[in-house]
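*Asks:* Next come the chains, spelled out residue by residue.
Protein chains: 6
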Amino acid sequence: MVNPFTHFDDTGASRMVDVGDKMETARSATASALVRMKSETATLIRTKALSKGDVLEVARLAGIMGAKKTSDLIPLCHPLPIHGVEIQFEFTDDRTLRILASVKVTGKTGVEMEALTAVSIAALTVYDMAKAIDREMTIEKIRLEEKLGGKSGHFQAGEDRERTTG
Amino acid sequence: MVNPFTHFDDTGASRMVDVGDKMETARSATASALVRMKSETATLIRTKALSKGDVLEVARLAGIMGAKKTSDLIPLCHPLPIHGVEIQFEFTDDRTLRILASVKVTGKTGVEMEALTAVSIAALTVYDMAKAIDREMTIEKIRLEEKLGGKSGHFQAGEDRERTTG
Amino acid sequence: MVNPFTHFDDTGASRMVDVGDKMETARSATASALVRMKSETATLIRTKALSKGDVLEVARLAGIMGAKKTSDLIPLCHPLPIHGVEIQFEFTDDRTLRILASVKVTGKTGVEMEALTAVSIAALTVYDMAKAIDREMTIEKIRLEEKLGGKSGHFQAGEDRERTTG
Amino acid sequence: MVNPFTHFDDTGASRMVDVGDKMETARSATASALVRMKSETATLIRTKALSKGDVLEVARLAGIMGAKKTSDLIPLCHPLPIHGVEIQFEFTDDRTLRILASVKVTGKTGVEMEALTAVSIAALTVYDMAKAIDREMTIEKIRLEEKLGGKSGHFQAGEDRERTTG
Amino acid sequence: MVNPFTHFDDTGASRMVDVGDKMETARSATASALVRMKSETATLIRTKALSKGDVLEVARLAGIMGAKKTSDLIPLCHPLPIHGVEIQFEFTDDRTLRILASVKVTGKTGVEMEALTAVSIAALTVYDMAKAIDREMTIEKIRLEEKLGGKSGHFQAGEDRERTTG
Amino acid sequence: MVNPFTHFDDTGASRMVDVGDKMETARSATASALVRMKSETATLIRTKALSKGDVLEVARLAGIMGAKKTSDLIPLCHPLPIHGVEIQFEFTDDRTLRILASVKVTGKTGVEMEALTAVSIAALTVYDMAKAIDREMTIEKIRLEEKLGGKSGHFQAGEDRERTTG
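Sequence lines, in order, name chains D, C, X, S, R and Y. For the first sequence, the numbering used here gives the first residue as -12, with consecutive numbering after it. For the second sequence, the numbering used here gives the first residue as -12, with consecutive numbering after it. For the third sequence, the numbering used here gives the first residue as -12, with consecutive numbering after it. For the fourth sequence, the numbering used here gives the first residue as -12, with consecutive numbering after it. For the fifth sequence, the numbering used here gives the first residue as -12, with consecutive numbering after it. For the sixth sequence, the numbering used here gives the first residue as -12, with consecutive numbering after it.
If you are wondering where the hints come from, they were derived from the structure by calculation, not from laboratory data.
Dumping the calculated DSS-like pairs for lysine-lysine here, alpha-carbon to alpha-carbon at most 30 angstroms:
(1) K128/S - K56/X
(2) K56/X - K9/C
(3) K56/Y - K95/R
(4) K56/R - K25/Y
(5) K9/C - K95/C
(6) K56/R - K95/R
(7) K95/R - K25/Y
(8) K95/S - K25/X
(9) K25/C - K128/D
(10) K9/D - K56/S
(11) K95/X - K56/X
(12) K9/D - K95/S
(13) K95/Y - K9/Y
(14) K56/S - K95/R
(15) K25/Y - K138/R
(16) K95/C - K9/X
(17) K56/D - K56/X
(18) K9/X - K9/Y
(19) K95/X - K56/S
As the structure is a computational prediction, the values presented were derived from the model and not from experiment.
From just these sequences and the hints, can you work out the full model?
*Replies:* Structure, rendered in structure tokens:
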């Protein structure tokens, strides 16, 4: 049987796969996460964001800095001098915050893990900032939304999956 | 109005709250996360785990090391010399991996963020290890399960929440 | 002659001084720095701070996170699980931003270096955020303002020094 | 009005600017800082430097290692695999140490922040090494001296500024 | 006399040598280390490795992650976004574990230090995992085995050295 | 059979052992390593150390800073705010450098790994500094020399071992 996990060699040993022969191409990845909270918490975060003490700005910076630490956090991830990170927030209903991170690089490997790490750390930071008032927040549906560049080409998260994992 | 976010002062400035006057007590926190994947992926992970190339062991180590980096990742989190971390994995159905992390410390602040960071990094590592065969995995329901010690006392995630956020 | 530098032993070898016999006491330190800029830059930072895109909030978080990295940056500094960090900003005239950081710990060594590192990193972040519009900003008068706790007792920066180093 | 801060998008959200389309060119930056101290402290540092226990060599290494951590310290700074760092020290009078750091890279963004971080961490290390004998040292005039490469071309700190900020 | 240490300039100041003019070429390095232990310890590690609780897999991940931290650990080492790391283990007799790490990059400097750091951290991790049962383990013969690419060309550890340092 | 590896639980899962119930006691550990080199290299290092460009001082600082990073490098090691580190160098013959590191803490776990990490990183730094003139250096006999404090009491490396592993 063919070894399905590229991060293991044929004996099952973990490794950082040699990407020396891969092409340097422009690559990008977008990931998302949801933070579910009480509507009172959502209201406070939104209100604060309009005046002083912006939970989302703290989370955004944590997410950007988290993206830069990806290869330090994920054991077999390649270090990559990433070229850009943007993080957006949107309340999709009165108690759901959606976080979207988009990461770019010109390199030999993709930046999916950087984008996923960015939304995860941003979501954890929202939890930390608001946990004194809402310990029951949950982080949901961390997933890859889109990926461009590299041999595997374009990936777009399907509606199907949305339904299946809902 | 009373400032609801302890991480901001009254002018809205972020801060690392002074915990100097808090008691040093034994504290623990347990958090969980789910990784949803194709049943083929789950089968491969489970099979590998029984022979060689253990995805879950890599994820476990990443989660433990991630717990140690919490205060480096979450901007206003206090650095804490944690006393113990354990991470468990369980397949709750043919395509759902449940990750449970439990962290302990004797200190002035709780370790919720350490436990939540541990499950998040472990889940991201599972994604990284298996992404070549299943790019549509999602990470779900990262939440605090239980918290012991400190002034706020015992917290146990309720069944209600489960239903509400399901 | 008595060795004046505690960070060197009698042969001149650098060392992290053993503080095992020192008392654990409540300690705090406050440091300050000035960032000098064009008045147009100061106006933009102040205006932005009142609407969106808050340079100072980014600098504040960088300073707090920097304080946590002090022992990683300063070779012979002891690692300390600090208890609290606060950073304040004030424009003292139309082109001078004053940064004040205050750090607390209960421990065997003081937190001067943490406070000084916090204001330095915050000031560097202001430079980074505004450098595209004002490359000639300078960072001035990074100094210890006050120090409490520990054997050396209370230190308060004197007016004399102000005059001498002005 | 045009957004003056490139680190914010038009809504005021912070971001790591995408530099993917910028040219890879040879870039360098030089920054400087002054450490003001009592003349007795300066004498001790200079004397030690000639025999054993070299404060400046410790500061030099801290500055070089600090330059490598720049993107970890400054939230919106791009990670850059820098090509070279040199740090020089000079006593400009009997109580003033001048620190000069020069950083080189071939990359898509400049290395001003790396050079400024290098002199800042070196200066903080001098403070740490000598603080037991001179708590009133100050760090002054951290500034960019020169910058080469990239679209914005050659920057050289002017005499004018010297006078204005003196 | 010519300065023999490239990491010092002619005045004896340490520096990160400017490699901006060096060619970007494919480079690789292999290093090795031995861990000497009681034969009972070796038996336990080998047995465990065949069932559950794999000391060597933990050491392998630590070595790979350690390789990524090389420029953070070795003061004058250049940061390098490495392309691949593999670590192998072999018991050469009933109480000697041999660790072999191979690192690859396309870059301006070699990866000897990354390979040497990888085997060192892997060996230290074996010690940590087994120290409760065998505190007298030693780490031996950490050395560069082979180096390819760059101006200095091919290096292969000689048999001579083996004999001399045995 | 009793589980011999405390870093694994009974199912073979790795963990950071909970040390919450252990006593806080004064603990210290001393470790050593040898660096074997050509006698010309040893002469250059010794000569330089007496004038300018001190290889050993760079290695010393790297070792001290490495000790502070131990829990970041060794996956299941507890983070410890260590109280003191000293590193000594001695040439035991015309081509052998002996490195000795001694680490102290008041805490719930020992500091063997900190002392062993300190000598390892110091030795790797000597290699890095001198590799351009002597690529065949080897690092030998990294071992624990002595350990004080904690439940396991006093450990002193025996002469026996010396003979056996020689």
